[in-house]
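Asker: With chain A held as given, fit chain B onto it using these hints.
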Amino acid sequence: MSAESPLVEFSGVSVVFGGQVRALDDVTLAIRKGEVMGLVGESGSGKSTLCRVLVGLTSPSSGTVSFGGQSVRDQLAREPLAFRRRAQMLLQDAVASLSPRMTIGRTLEEPIAIHKLPRAEAQERLADILRRLGLPPDVLAKFPHQISGGQARRIGVARALVMRPEMIVADEPTAGLDVSVQGDLLNLLLDLQREFGLTYLLVSHNLNVIRRVTERTAVMYLGQIVEEAATRELFQAPAHPYTAALLSTNPAVDPDKRQQPIVLQGEIPSAVNPPSGCRFHTRCPVAQERCANEPPALVELGTGRQVRCHFPFSLDPRRH
Amino acid sequence: MTPPLVSIRKLVLEVSTARGTARILRGIDLDIGRGRIAGVVGESGSGKSSLAACLLRLLPANLSRIDGEIVFDGTDLLALDDTAMNAYRGTRIAMIFQDPMTALNPLFTIGAHLIDVLRRRHPGLARKAGTARAIAALRSVGIADAPLRLSSYPHQLSGGMRQRVMIAMALLVEPDLLVADEPTTALDATVEAQIVALFTDLRRGFAGSIVFISHHLGLVAELCDDLCVMYGGTIVETGPVAEVLAQPRHPYTRALLACELDHDAAGDRLVSIPGEVPDPVAEHVACVFAPRCQHAADACRQSVPELRDAGPGRRAACLRWEELA
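Chains as they are written, first to last, in this note's numbering: chain A, 1 to 320; chain B, 321 to 645.
Isolated chain A, as found in the complex:
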């Protein structure tokens, strides 16, 4: 596989639940190998569905997802376990994702048994990962209620890493963490990424986290990607009005960096009956007539930026 071809490629992916709810609508997204891709959006925007599709837990209703140049559907049909080793998920609630009735050791050995990995080698690998994550060996004999929340998060990371995945999908890894410890977890994830050449999809509602740790960012609204760009460029000059509004709502401690928030009217409409035309037009401060009638396509704008808007850059947060 050449350095140019992406590790993960969504093309025109839609997921429809119950014939009505379009959780994902025509999602096209490429994640390059070794990249940290951020994903932002409000509840109901389809972030979690996108993650589930990526790791093969939800199948697309239409469109294709490829991983390492091959279709995920084919890989799952042919060798499901082999595919599941390639992409691992870090779950949001680390404590709840550990079975209360299993010791940490059993929890960590379970994937080794399921995937029938050579036992001695896997054990060695596990011991190495635990050391690297700063977990004491006696943690293996403990039950989830006997370890701290921080340790539980590290166990979640260890469980994902023991499979030697190429990709980690982290759904809100810092949600519920105090600011004094979130830096630790993110540093750890970034160290591992460099060391093992991992590719990350990192979902977070914390825009400061996205800004600091990701290279590219995709913004979702009502099941669609409305903008995707290099993180630095996205934060400097958001092209989509929704991105501009979302970024402007991030309150800054430093008064010099504070911007006038663009307060949107209303809330995210229902995905069962989404607005006509551009899905954002009902709340968009700069919507025009065309926006209500004609759905905009996701178009390439300059280098490596995709935007789904008829009038990109029309909402400038600094002039607002």
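Heads up, some of the hints might be wrong.
What the hints assert, rightly or not - Derived pair list, reagent style DMTMM-like, types lysine to aspartate or glutamate, alpha-carbon separation capped at 20 Å:
| id | chain 1 | residue 1 | chain 2 | residue 2 |
| --- | --- | --- | --- | --- |
| 1 | A | Lys33 | A | Asp171 |
| 2 | B | Lys448 | B | Asp436 |
| 3 | A | Lys257 | B | Glu563 |
| 4 | A | Lys257 | B | Asp396 |
| 5 | B | Lys330 | B | Asp419 |
| 6 | A | Lys257 | A | Asp171 |
| 7 | A | Lys33 | A | Glu121 |
| 8 | A | Lys116 | A | Asp171 |
| 9 | B | Lys448 | B | Asp465 |
| 10 | A | Lys257 | B | Glu389 |
| 11 | A | Lys257 | B | Asp545 |
| 12 | B | Lys330 | B | Asp436 |
As the list claims (entries may be wrong) - In silico negatives: residues of chain B with every beta carbon more than 12 Å from chain A:
| id | residue |
| --- | --- |
| 13 | Gly347 |
| 14 | Thr422 |
| 15 | Gly444 |
| 16 | Leu590 |
Hints were generated in silico from the structure; no laboratory data involved.
The C-beta atom is built at its ideal place from N, Cα and C for all residues, glycine as well.
Answerer: The following block gives chain B in isolation, referenced to the frame of chain A:
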């Protein structure tokens, strides 16, 4: 100078747990000025929500000790009997809770909630007048179709709308003190921005004081006049918000600010505060932050520092703030 609306002195709150007595609040001294918005920030376990609940004397069931004073407009709330205390709740002191779904009764309409609150504040209010005021209250918090919404049930409203209803209920009371415990934490970013804008608008027409509890420094920086930083059941620093954040006196405040990621420093290691939060069961014999403080000296480990003057209107519980400033 007019006396503050609320003066909290040496407030101690302890609860009994399986591991022993947990010290939730360890001697809080705090004044809340009239017409001011006081932001209380701290991490989980710092005692900020317990402090909020104490202002309404909503005490935990496993309470083992409460001591000190909460003087509200001249009356010590802790000295009142239950009936007398009850007369303050929902009249002179109101609260907005974090989760607007569980704070509204699913069996009653929005109108029933609002009129209930009004009747408590103004017994004998005529139905018609009550309805009119309820509609006006919904409009003032930006709810469209207010008359229609009166007959809606909580589950028929979105999260942002429910929080607006909670705010409308609190404002109908016209309280002297409004306690808001993380009122935007459960909301999405663009809806949170709406509620923050609403708070900013409302304060023009609201004469009372607000205590705004949050773990979000940026939000408090934008919205509040005064800041109170809590750690391990104590107050480590108070003062006008802009000054505290521009020139923090306490090393914990400084460390918290350093952990904020709202600056562009791509490539740098992210900052965290090494160590763990203090154990609520342990007794304090030293500065509560000393085990995690990079400036801790021997003296810091020998006695509990007092919250003392640290410039005009400012106080910090650090022995060394002058040296470190």
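Asker: State for each hint whether it applies.
Answerer: Against the structure, the hints:
As the CA atoms of Lys33 (chain A) and Asp171 (chain A) are separated by approximately 19 Å, the hinted pair is consistent with the 20 Å bound. With a CA separation close to 13 Å, the supplied pair Lys448 (chain B) and Asp436 (chain B) stays within the 20 Å bound. Using a Cα cut-off of 20 Å, the hinted pair Lys257 (chain A) and Glu563 (chain B) holds, with the two alpha carbons roughly 16 Å apart. Of the supplied pair hints, the one linking Lys257 (chain A) and Asp396 (chain B) is violated, its CA atoms being roughly 42 Å apart against a limit of 20 Å.
Using a Cα cut-off of 20 Å, the hinted pair Lys330 (chain B) and Asp419 (chain B) is violated, with the two alpha carbons roughly 30 Å apart. The straight-line distance between the Cα atoms of Lys257 (chain A) and Asp171 (chain A) is roughly 28 Å, outside the 20 Å bound, and the hint therefore fails. Simply put, Lys33 (chain A) and Glu121 (chain A) have alpha-carbon atoms about 26 Å apart, too far for the 20 Å limit, and the pair is violated. A C-alpha spacing of about 27 Å is found between Lys116 (chain A) and Asp171 (chain A), which places the hinted pair above 20 Å, so the restraint is violated.
At most 20 Å may separate the alpha-carbon atoms for a hinted pair to count; Lys448 (chain B) and Asp465 (chain B) meet this at roughly 18 Å. Of the pairs offered as hints, the one joining Lys257 (chain A) and Glu389 (chain B) is violated, with about 40 Å between alpha carbons and a cut-off of 20 Å exceeded. At roughly 18 Å between alpha-carbon atoms, Lys257 (chain A) and Asp545 (chain B) fall within 20 Å of each other, so this suggested pair holds. Distance restraint check for Lys330 (chain B) and Asp436 (chain B): the Cα-Cα separation of roughly 35 Å exceeds the 20 Å cut-off, and the hinted pair is therefore not satisfied.
The beta carbon of Gly347 (chain B) is kept farther than 12 Å from every beta carbon of chain A, the shortest such distance being approximately 23 Å. With a closest Cβ-Cβ approach of about 17 Å to chain A, Thr422 (chain B) is found to remain outside the 12 Å limit, as its non-interface label requires. The beta carbon of Gly444 (chain B) sits about 38 Å from the closest Cβ of chain A, which is more than 12 Å, so the claim that it is off the interface holds. Not every Cβ of chain A is farther than 12 Å from the Cβ of Leu590 (chain B); the closest lies at roughly 4 Å, contradicting the non-interface assignment.
The structure shown violates the earlier hints numbered 4, 5, 6, 7, 8, 10, 12, 16.
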